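Trainee: In case you want the letters, here they are:
Number of protein chains: 2
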Amino acid sequence: MSDITLDIIKDISITSPSKIVLLVMDGLGGLPDPRTGKTELETARTFNLDQLAAQGNCGLSEPVAPGVTPGSAPGHLSLFGYDPLIYSIKRGVLEAVGIDFDLMRGDVAARGNFCTIDDKGLVTDRRAGRVSDGKCAELAKLLDGQVFDGVKVLVQPVREHRFVAVFRGDNLVPEVTDSDPLQTGAPPKKIEPLAPGADRLAKVANQFLEKARAILASHYPANMALLRGFSKHPDIPTISEIYKLKPAAIASYPMYRGLAKLVGMEVLRTGKSIEEEFQTLKQNYGNYDYFFIHVKGTDTAGEDGNFDAKVRVIEQFDRALPQVLSLSPDVIIVTGDHSTPTLFQGHSWHPVPFLIHSKWCRPDGIKKFGERACASGSLGTFPAKRTMLLAMAHAVKLTKYGA
Amino acid sequence: MSDITLDIIKDISITSPSKIVLLVMDGLGGLPDPRTGKTELETARTFNLDQLAAQGNCGLSEPVAPGVTPGSAPGHLSLFGYDPLIYSIKRGVLEAVGIDFDLMRGDVAARGNFCTIDDKGLVTDRRAGRVSDGKCAELAKLLDGQVFDGVKVLVQPVREHRFVAVFRGDNLVPEVTDSDPLQTGAPPKKIEPLAPGADRLAKVANQFLEKARAILASHYPANMALLRGFSKHPDIPTISEIYKLKPAAIASYPMYRGLAKLVGMEVLRTGKSIEEEFQTLKQNYGNYDYFFIHVKGTDTAGEDGNFDAKVRVIEQFDRALPQVLSLSPDVIIVTGDHSTPTLFQGHSWHPVPFLIHSKWCRPDGIKKFGERACASGSLGTFPAKRTMLLAMAHAVKLTKYGA
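Going line by line, the protein sequences match chains L and V. Be aware that the first sequence starts at 8, since it is given in my numbering, and climbs by one per residue. Be aware that the second sequence starts at 8, since it is given in my numbering, and climbs by one per residue.
Calculated directly from the structure, the hints in this document are not laboratory data. Be aware that a few hints might be false.
Stated by the list, open to error - Below, computed lysine-lysine pairings styled on BS3-like, alpha-carbon distance capped at 30 Å:
1) V:Lys45 - L:Lys407
2) L:Lys407 - V:Lys279
3) L:Lys366 - V:Lys375
4) L:Lys375 - V:Lys159
5) L:Lys127 - L:Lys142
6) V:Lys148 - V:Lys196
7) L:Lys289 - L:Lys303
8) L:Lys26 - V:Lys45
9) V:Lys45 - L:Lys17
10) L:Lys303 - L:Lys251
11) L:Lys407 - V:Lys268
12) V:Lys148 - V:Lys279
13) L:Lys366 - V:Lys45
14) V:Lys45 - V:Lys127
15) V:Lys97 - L:Lys251
16) L:Lys253 - L:Lys268
17) L:Lys374 - V:Lys375
Stated by the list, open to error - Computed footprint of chain V on chain L, listed as stretches where at least three residues anywhere in the stretch have a Cβ under 8 Å from a Cβ of chain V:
18) 161-170
19) 397-405
As the list claims (entries may be wrong) - Cβ-Cβ distance ranges computed for the label pairs, FRET-style:
20) L:Arg42 - V:Gln330: 37 to 45 Å
21) L:Arg52 - V:Gly353: 24 to 32 Å
22) L:Arg52 - V:Arg52: 46 to 54 Å
23) L:Arg379 - V:Ala400: 42 to 50 Å
24) V:Ile21 - L:Leu92: 31 to 39 Å
25) L:Leu92 - V:Lys197: 53 to 61 Å
26) V:Tyr227 - L:Lys251: 39 to 47 Å
27) L:Pro203 - V:Ala202: 51 to 59 Å
What you are looking at is a predicted structure, and each value in this text was computed from that prediction instead of being measured. Heads up, the beta-carbon is just placed ideally off N, CA and C, and yes, glycines get one too.
Please model the complete structure; the sequences and the hints are all you need to start from.
Mentor: Structure representation (structure tokens):
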């Protein structure tokens, strides 16, 4: 099917004072507990969510395609209105995003490892014995901020042996090979260009690694660094450019702040709990017209296989919800970026419960927010990338298409 | 996602004596009246529609994409089986379509304004004081039918200061600039070509406007004309070419007759009421195998915000329906081109109630034709452009795809 393009959406989007709040419970969708036949969401007592569902529209959203399990990046890109099969976040950039690094358009990021080499220069441990986070930060600092041929190299620790290297300079072409040999007993590889114009980055990266060898020589076992997964800021058109919105993100985990930044959201300082996140919404409510709020606990409990913990997070969310409702946003959406059933203990492909609430909804009579109820909702099972259009429509921020 | 193409449909379409009747209630979809919780369609007593729904299949159709509010043109193109994101009707052509102008393939149409210029040639009123419809018709006639460089210029009044100019000649390229300066205090602009081959149209249009200046000189305040939005007949493959149908349109409003003509339907003379339209169907039933019947009243009532009036139009439609049923069409479809909820007082994005009735339906047990009932129908929420394939299939006018 020919798809509506971001260019068309740009044409029909208008600004207005109405406000959109997107509430994402990470990994919300689940599977039934065999003892009760109910999913985590169906088990949770969710008075407020049920009421929103009854007044709004429900459905099931599919982040990528039926049967496809999304990572966090495609799961969120979809909810932000981007086709995750068109816009992808590659390795190095994702690593930078994951530590909430302030990546700029044009930057090239690579994943780094501190490693051990022997006196012949062969890699003996690709992870340098998994050095401590503190040691990682100390070593990263030694490498950070050097300039080679006009390209600044920013180095930030991730954890243990892992770091991010960001190359900042004009017209960098990211198609270069890895230096990581991906095995022991081999020397680090020379980085080679793979595309026209990539020789400059390859040269700079090799210079950086030679310098790193010298700097790290006295830090055995972390006496060398390896780089892989060079990739460039994806240069995604921003939410503001497409939808003429002023968007803000409220997320306590760095990965989600990073993803929000990539699409041009302003990231607000917030606390770790759901209540603190909702408090941040209240404090900033006047300054933006689109809010993305991310709740991590559902996914964590799902990954841990802790059914009751996931139920508790959902109930905690529901109890805190009146803080959001008291602001009377024109559009409220509650959904997840994917399913993380506790029985499955990981991200899964199952479609995700979705509800939208606005005075312009044609209520579909769903009484309880849950997977099976949503399957009977009037939104049907739909691509998650439609979320933005639904939000914009119900906020009356879209004009007619065609006369 | 890859889509079934018109070429494939062409390959599998066959002729047969079976007949399809597409009944479009413009702006059919609504929103619930807060006092009763029921939409216009749910409120209306619709014995005949309910019976059709019970015997057929229901669903909700989406004209363009979830959340996107369609204009009349994309709304109808969808129902006629064309992807409204691929086939679009541009400004000038739409203006011609709106007055039911008999546009031919190859024609270029532009929107025209009579305007006022001062003795320096500067525009002082872009609308010439909104001259009367009668004056507009009189002036249009003065400009109509002139030939420049083998290109005939047809001029037809729209209303007040507005007219349509259609340029008829071989190989006209429509990419030219407007002459309308879109502000007062500036002279009309010279029309310039924007694409290879467009210089001929630009030259002819400039000659036409110079001649108009001379002809209109004595008709102050309408002493000049402005043109904008040049666009060409979209050259859409016709319904007959694709589906091997002999299609007829029954519509009392010019816009819908015009849209039907664009896709190659024969437009039948009819009266203003639903009963007269159905009478026209009866009289011509033997001569065609596809009928598009357009009912305007639902949309008008919706735009006016008159809930009861919309309910009455639907009830009137239902009472008249036995006239159609007595002909026993092989396929009857009842739907809208978009929603126009009376609460919203305009076109909206809400999916549209849809029913198809044929002896080959697998009934889905819906008892009442209404928005919420349709949401539970077996057709689900589906793109409106699938309407033609559903009609053709249930009329057994499609052969197998693949062996």
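Trainee: Taking the hints in turn, state whether each one holds.
Mentor: Tested hints:
no.: 1; hint: V:Lys45 - L:Lys407; in the structure: 25 Å, holds
no.: 2; hint: L:Lys407 - V:Lys279; in the structure: 27 Å, holds
no.: 3; hint: L:Lys366 - V:Lys375; in the structure: 25 Å, holds
no.: 4; hint: L:Lys375 - V:Lys159; in the structure: 65 Å, violated
no.: 5; hint: L:Lys127 - L:Lys142; in the structure: 24 Å, holds
no.: 6; hint: V:Lys148 - V:Lys196; in the structure: 24 Å, holds
no.: 7; hint: L:Lys289 - L:Lys303; in the structure: 20 Å, holds
no.: 8; hint: L:Lys26 - V:Lys45; in the structure: 27 Å, holds
no.: 9; hint: V:Lys45 - L:Lys17; in the structure: 34 Å, violated
no.: 10; hint: L:Lys303 - L:Lys251; in the structure: 28 Å, holds
no.: 11; hint: L:Lys407 - V:Lys268; in the structure: 23 Å, holds
no.: 12; hint: V:Lys148 - V:Lys279; in the structure: 27 Å, holds
no.: 13; hint: L:Lys366 - V:Lys45; in the structure: 15 Å, holds
no.: 14; hint: V:Lys45 - V:Lys127; in the structure: 61 Å, violated
no.: 15; hint: V:Lys97 - L:Lys251; in the structure: 25 Å, holds
no.: 16; hint: L:Lys253 - L:Lys268; in the structure: 13 Å, holds
no.: 17; hint: L:Lys374 - V:Lys375; in the structure: 21 Å, holds
no.: 18; hint: 161-170; in the structure: violated (count 0)
no.: 19; hint: 397-405; in the structure: holds (count 6)
no.: 20; hint: L:Arg42 - V:Gln330: 37 to 45 Å; in the structure: 59 Å, violated
no.: 21; hint: L:Arg52 - V:Gly353: 24 to 32 Å; in the structure: 40 Å, violated
no.: 22; hint: L:Arg52 - V:Arg52: 46 to 54 Å; in the structure: 41 Å, violated
no.: 23; hint: L:Arg379 - V:Ala400: 42 to 50 Å; in the structure: 31 Å, violated
no.: 24; hint: V:Ile21 - L:Leu92: 31 to 39 Å; in the structure: 36 Å, holds
no.: 25; hint: L:Leu92 - V:Lys197: 53 to 61 Å; in the structure: 46 Å, violated
no.: 26; hint: V:Tyr227 - L:Lys251: 39 to 47 Å; in the structure: 43 Å, holds
no.: 27; hint: L:Pro203 - V:Ala202: 51 to 59 Å; in the structure: 32 Å, violated
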